[in-house]
Amino acid sequence: MADQGEVKLLKTWSSLFGLRVVWALKLKGIPYESVDEDLTNKSDLLLQYNPVHTKVPVLIHNGKPICESLVILEYIDETWSQNPPSLLPQDPIQRASARFWAKFMDEKALPSMWQAFTKKGREQEEGLASIAEKLKLLEAELEGKKFFGGEEIGIPDFALGWLVNLVPVFEEILGLKIVDEERHPSLSEWSRRISDIRVIEESWPPRDKLVTKWAAIRDHFLATARASSG
Amino acid sequence: MSGEEKVVLHGMWASPYAKRVEIALKLKGIPYEYVEEDLLNGKSEALLKHNPVHQKVPVLVHNGKPVIESCIILEYIDETWKSSGHALFPQEDTYRRARVRFWADFIQRQLLEKFIVTITAVGEAREEAIKELRKNMELLEEGLRVNFFPEGIPQYHFDDQKNVRFLDITMCAFFGLHKAQSEFVRTTEIIDLQRTPLVFSWVESLKEVPVVKEVLPPHDEVVNLLRGFRQNAVGSSPQV
Numbered sequence: 001m002a003d004q005g006e007v008k009l010l011k012t013w014s015s016l017f018g019l020r021v022v023w024a025l026k027l028k029g030i031p032y033e034s035v036d037e038d039l040t041n042k043s044d045l046l047l048q049y050n051p052v053h054t055k056v057p058v059l060i061h062n063g064k065p066i067c068e069s070l071v072i073l074e075y076i077d078e079t080w081s082q083n084p085p086s087l088l089p090q091d092p093i094q095r096a097s098a099r100f101w102a103k104f105m106d107e108k109a110l111p112s113m114w115q116a117f118t119k120k121g122r123e124q125e126e127g128l129a130s131i132a133e134k135l136k137l138l139e140a141e142l143e144g145k146k147f148f149g150g151e152e153i154g155i156p157d158f159a160l161g162w163l164v165n166l167v168p169v170f171e172e173i174l175g176l177k178i179v180d181e182e183r184h185p186s187l188s189e190w191s192r193r194i195s196d197i198r199v200i201e202e203s204w205p206p207r208d209k210l211v212t213k214w215a216a217i218r219d220h221f222l223a224t225a226r227a228s229s230g
Numbered sequence: 001m002s003g004e005e006k007v008v009l010h011g012m013w014a015s016p017y018a019k020r021v022e023i024a025l026k027l028k029g030i031p032y033e034y035v036e037e038d039l040l041n042g043k044s045e046a047l048l049k050h051n052p053v054h055q056k057v058p059v060l061v062h063n064g065k066p067v068i069e070s071c072i073i074l075e076y077i078d079e080t081w082k083s084s085g086h087a088l089f090p091q092e093d094t095y096r097r098a099r100v101r102f103w104a105d106f107i108q109r110q111l112l113e114k115f116i117v118t119i120t121a122v123g124e125a126r127e128e129a130i131k132e133l134r135k136n137m138e139l140l141e142e143g144l145r146v147n148f149f150p151e152g153i154p155q156y157h158f159d160d161q162k163n164v165r166f167l168d169i170t171m172c173a174f175f176g177l178h179k180a181q182s183e184f185v186r187t188t189e190i191i192d193l194q195r196t197p198l199v200f201s202w203v204e205s206l207k208e209v210p211v212v213k214e215v216l217p218p219h220d221e222v223v224n225l226l227r228g229f230r231q232n233a234v235g236s237s238p239q240v
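Here the protein sequences line up with chains A and B, keeping their order. Just so you know, we're using UniProt numbering here: the first sequence kicks off at 1 and counts up by one. Just so you know, we're using UniProt numbering here: the second sequence kicks off at 1 and counts up by one.
Extracted from the complex, chain B is given alone in its bound form (with noise of 0.2 Å):
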């Protein structure tokens, strides 16, 4: 590592994006500069400048030039800082890595995006993803399972930072607050212990995690963010 070294996340405190990028760098012991983003009232116009093309959070902005995408900065990052902390990606094992970006886009856009149509959709959409939602978390149960832990989770495994990577990142950012999600959800808790236990002990495990425990946003924050959605969703009614 080089000796100036100026790194700014530009994040926004709700957004599981921006979190997955701060747990990252944290893990790894890179120091960074936080900026919030107040993405309804005025972006900063660095962030208007560094992501000119969506305007979005997370930015990460490495000695002035810009990575985006919070998948795309956690390959950004366990590329450029090999030395600093652990590798947050498989290194010699091509299929695997290829076993973790699979797995990775599954919980992106049959997991994560599913939820929030389930906070901005109503009546037959919503019920939909609803279904759908569950039905992927039993393929995520059981993807974890054959990829990636055939014995189930080791008690403590996640004391053991080293063991926090990529994919566990990619998760708990967001499902760490399935909790919170749950109570939007009426019909089914998020990662129920009955139908998904692996997934709901690796979920619970990672949210133990000092890291991701000091940057996940606590639960009332998030069910309030969660509750001013749905009501902006379904109107004056908040239960629908």
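Okay, chain A solo, but in the shape it has when bound (with noise of 0.2 Å):
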């Protein structure tokens, strides 16, 4: 195995992004130290590190910072190659595949789940009918698959993670369901096989505070709303 280096993560509490980097150091058993960041009060490491974005996460191996999820994904892949599970497929034609899936999860379907989220009246329907067409997507091309990369888990289900975590969070603030059995088996099916990793299902943030957290943003973006439009 290769010598590990120092290896630290900035992330937050809830952050779903960070939560990607967690799962995939914990799978490949990567060591590592976690500092959890208060965004309202940024530490200066974060400031040192990703003085582009400020934003979490940051992985930093070796005092060298990498941002931003996916790369930071890509990056435990290639560097620590000899630890399992691969993240990616071998075969560069899935593996092309798995990153355009990745990146719809960020790119498409979690703006319209922000939208939904975050809006009232019409454009909330917009974006709660928008999030319904990338569920239908999403379950079309599961089908028939036990992970979205094939049998291994990889970089596509990270990025989705927060389906089986946050959804359930949003549905109990809205009071609707957005992923359901019916309309989604084949997520749901694999929404039972990601909490069944343990190191995923050890890492979920405490849905309580997630349910408090969550309720108080969409609290201040509908009162922002108000307050522009008034």
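Treat the hints as calculated values from the structure; they're not laboratory data. Every residue, glycine too, gets a C-beta built ideally from N, C-alpha and C. Keep in mind that the hints are not guaranteed to be accurate.
Pair ranges (Cβ atoms, derived) [said to hold, decoys possible]: (1) Glu36/B x Arg192/A: 42 to 50 Å; (2) Lys177/A x Arg109/B: 26 to 34 Å; (3) Ala225/A x Val117/B: 17 to 25 Å; (4) Lys131/B x Arg192/A: 41 to 49 Å; (5) Pro185/A x Glu45/B: 25 to 33 Å; (6) Glu45/B x Leu176/A: 37 to 45 Å; (7) Ala87/B x Asp36/A: 37 to 45 Å; (8) Ser81/A x Thr188/B: 41 to 49 Å; (9) Glu36/B x Gly5/A: 47 to 55 Å; (10) Lys82/B x Thr212/A: 48 to 56 Å; (11) Ser44/B x Glu152/A: 31 to 39 Å; (12) Lys145/A x Phe149/B: 42 to 50 Å; (13) His157/B x Thr212/A: 50 to 58 Å.
Starting from two chains that each stand alone, build the complex the way the hints lay out.
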């Protein structure tokens, strides 16, 4: 096994992007030090190592920072390629497909969910329609497979991890069903499979804290919208 | 490389994303068939079949199998045609690979997409986008200097095509047309020689690389295209 070097992860207690990196590090058995940031009071470390965005997560390996969660995941996979599991398929066509779906989760699915969650009225309806459409595509892609990359868990699965622990929180706050067994049998089965993975299941932030946090976020966005429109 | 290789690129003359792929294929000397897609009036059946999710260009079809998203296609090309031309990504140094991917993502989301907002938005949203674009170009200047060209860009650097790689391609396929783009952002040059001299010299020298020159659309055609987008955004008056 390659010399680990020093690995530090800057994240927050609840960041869904930080969680992805935790899973990759734990699954590959890479020891690391975790630092939970308070984003209202960013540490010098964060400001120094991510001057461009000052966002989490940041992985610091032997003093060198890597930013952006999907970039970090590929870095981990390539640097600790000797540690199973591989986070991307070996075949170049399948790799390209896995990368495509990971991007889709972040660039299409997540923004739709965000709109559905932070808006109300017609804008929320549009967001809900959008996330429904994205979930249909994901359901179709997943059909017949254990994970998005095939037999093994990988980067696209990590990128959709928020579906498993956060969407139920959103559903509770909104009083709406977004994912259900009937419309999304493959995604529902996949969610259970993800939750069965010990390191993932252990890493979920406490649900009640998440409900409090996200309810406050929704209130904030609705209040801001009211203020700017009246 | 095996005997029967069929490579088809579905692109569009003004798509910077398709241009990235063309530049990469040409740099690596990979023969390909090009299909110009008419995105407004009738996408080809092949495009709809190979990219049902987004129905966009570029799509690279290699022996019948599609690859989509320009940066993903470039990674695919580099992984698949290892012995053709030169490597587009750093090979051994995973940290450098991460840096290159980070800055490619930055160019995409903080520069290219911001520029598009300056064309499609009006009023305050547009002003905000212009400010952010300028700020982000300065961040790129710093990032370029710190990570890639700490001593500046050597003269004749890109005369050697092997020095044109992933990040260079990602940038020049779009911002190679910065002069045309600047005509639509009246308050500032998109890439200001005084403020961002390194980015300026980077893009200007990349524009002169024969493969890039061959692939990029003419200045006037880009101006007309952008004028069309701007007019759509603001109605009859192009100058807002």
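Hint check results:
1. Glu36/B and Arg192/A have their C-beta atoms about 46 Å apart, which keeps the hinted 42 to 50 Å range intact.
2. Between Lys177/A and Arg109/B the Cβ separation comes to about 32 Å, which falls inside the hinted range of 26 to 34 Å.
3. Checking the proposed 17 to 25 Å range against Ala225/A and Val117/B shows it holds: the Cβ atoms sit about 20 Å from each other.
4. The hint said 41 to 49 Å for the Cβ distance between Lys131/B and Arg192/A, and at roughly 47 Å that hint holds.
5. Separation of Pro185/A from Glu45/B is about 31 Å and conforms to the stated range, judged on CB atoms against 25 to 33 Å.
6. For the pair Glu45/B and Leu176/A, the supplied restraint of 37 to 45 Å holds, since their beta-carbon distance comes to about 38 Å.
7. Under the hint 37 to 45 Å, the C-beta atoms of Ala87/B and Asp36/A, about 39 Å apart, fit the expected range.
8. Here the CB-CB span from Ser81/A to Thr188/B is close to 44 Å, well matched to the stated 41 to 49 Å.
9. For the pair Glu36/B and Gly5/A, the beta carbons lie near 49 Å from each other, so the given range of 47 to 55 Å is met.
10. Between Lys82/B and Thr212/A the beta carbons are some 51 Å apart, a value that agrees with the proposed interval 48 to 56 Å.
11. Separated by about 35 Å at the C-beta atoms, Ser44/B and Glu152/A satisfy the suggested range of 31 to 39 Å.
12. Distance hint check: the CB atoms of Lys145/A and Phe149/B are about 43 Å apart, consistent with the given range 42 to 50 Å.
13. Separation of His157/B from Thr212/A is about 55 Å and conforms to the stated range, judged on CB atoms against 50 to 58 Å.
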